[in-house]
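Chemist: Sequence:
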Amino acid sequence: MACNNLAIALLHHPVYNKHHEVVTTALTNLDQHDIARSSRTFGLDRFYIVTPSEEQRRLAERISGHWQEGWGAGYNPDRRTALEIVRVLPTLQSAVEDFQSAFTKPVKLAITGASRRPGSISLANFRQLLEDADQPYLLLLGTGWGLTDECFEEADYILQPIAGNGPYNHLSVRSAAAIMLDRLKGTL
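To convert, count from 1 in the sequence shown and add 105; that's my numbering.
Please note: incorrect hints may appear among the correct ones.
Mimicking DSS-like on lysine-lysine, the simulated pairs with C-alpha atoms at most 30 Å apart in a straight line are [said to hold, decoys possible]:
no.	residue 1	residue 2
1	213	290
2	213	123
3	210	123
Derived Cβ-Cβ restraints for the label pairs, each shown as a range [to be verified]:
no.	residue 1	residue 2	range
4	223	170	36 to 44 Å
5	258	189	16 to 24 Å
6	135	189	39 to 47 Å
7	182	255	38 to 46 Å
8	270	182	36 to 44 Å
These aren't lab readings, by the way, just hints derived from the structure by calculation.
Beta carbons are placed, not taken as given, at the ideal position from N, Cα and C, and that holds for glycine.
Given the sequences, and given the hints that come with them, work out the whole structure.
Modeler: Here is the structure:
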């Protein structure tokens, strides 16, 4: 079976904290579960959790493992199905290399955040790009107060942020992921 040409990478580093310092954020159980469930719902077969912290990687593996084996797998088979697409890696480069292994064309990076940036494209335009099934795209999402400026500089595409109709715009990353996946892979 061919690999879906879109995958998500949730980066816990390099991201900003509220003081605009580059930090590594902690894994959250809700992000892992909910983004995996959304990813699986919309047909993705890879969701990367990227953190340089060995302790946090072990925790993510333990969380996924609980629902893939033993009591958790039997209690909630749907959760097992969602969490089996999770891949936990130490760097963005390792995620790109893993995803690249299923494709001949080089992986392109798409990134988004809560703020509008020059040169960004709409989700509708990105959806059209996804129609080329041979071209892989890795959608980068950040934790904390967002991905660093360097991440945006290295991306091939910057996607417009999810925005409401008011001045407040601070969705959880799991909510933003679900909305984006619906707009990119959902039925119209």
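Chemist: Each hint should be assessed against the structure and marked as holding or not.
Modeler: Structure-based check of each hint:
1. 213 <-> 290: 17 Å, holds
2. 213 <-> 123: 29 Å, holds
3. 210 <-> 123: Given that 30 Å is the threshold and the Cα spacing comes to 37 Å, the pair is violated.
4. 223 <-> 170: 36 to 44 Å: Given range 36 to 44 Å: holds, Cβ gap about 43 Å.
5. 258 <-> 189: 16 to 24 Å: 34 Å, violated
6. 135 <-> 189: 39 to 47 Å: 18 Å, violated
7. 182 <-> 255: 38 to 46 Å: At roughly 41 Å between Cβ atoms, residue 255 and residue 182 fall inside 38 to 46 Å, so the hint holds.
8. 270 <-> 182: 36 to 44 Å: 39 Å, holds
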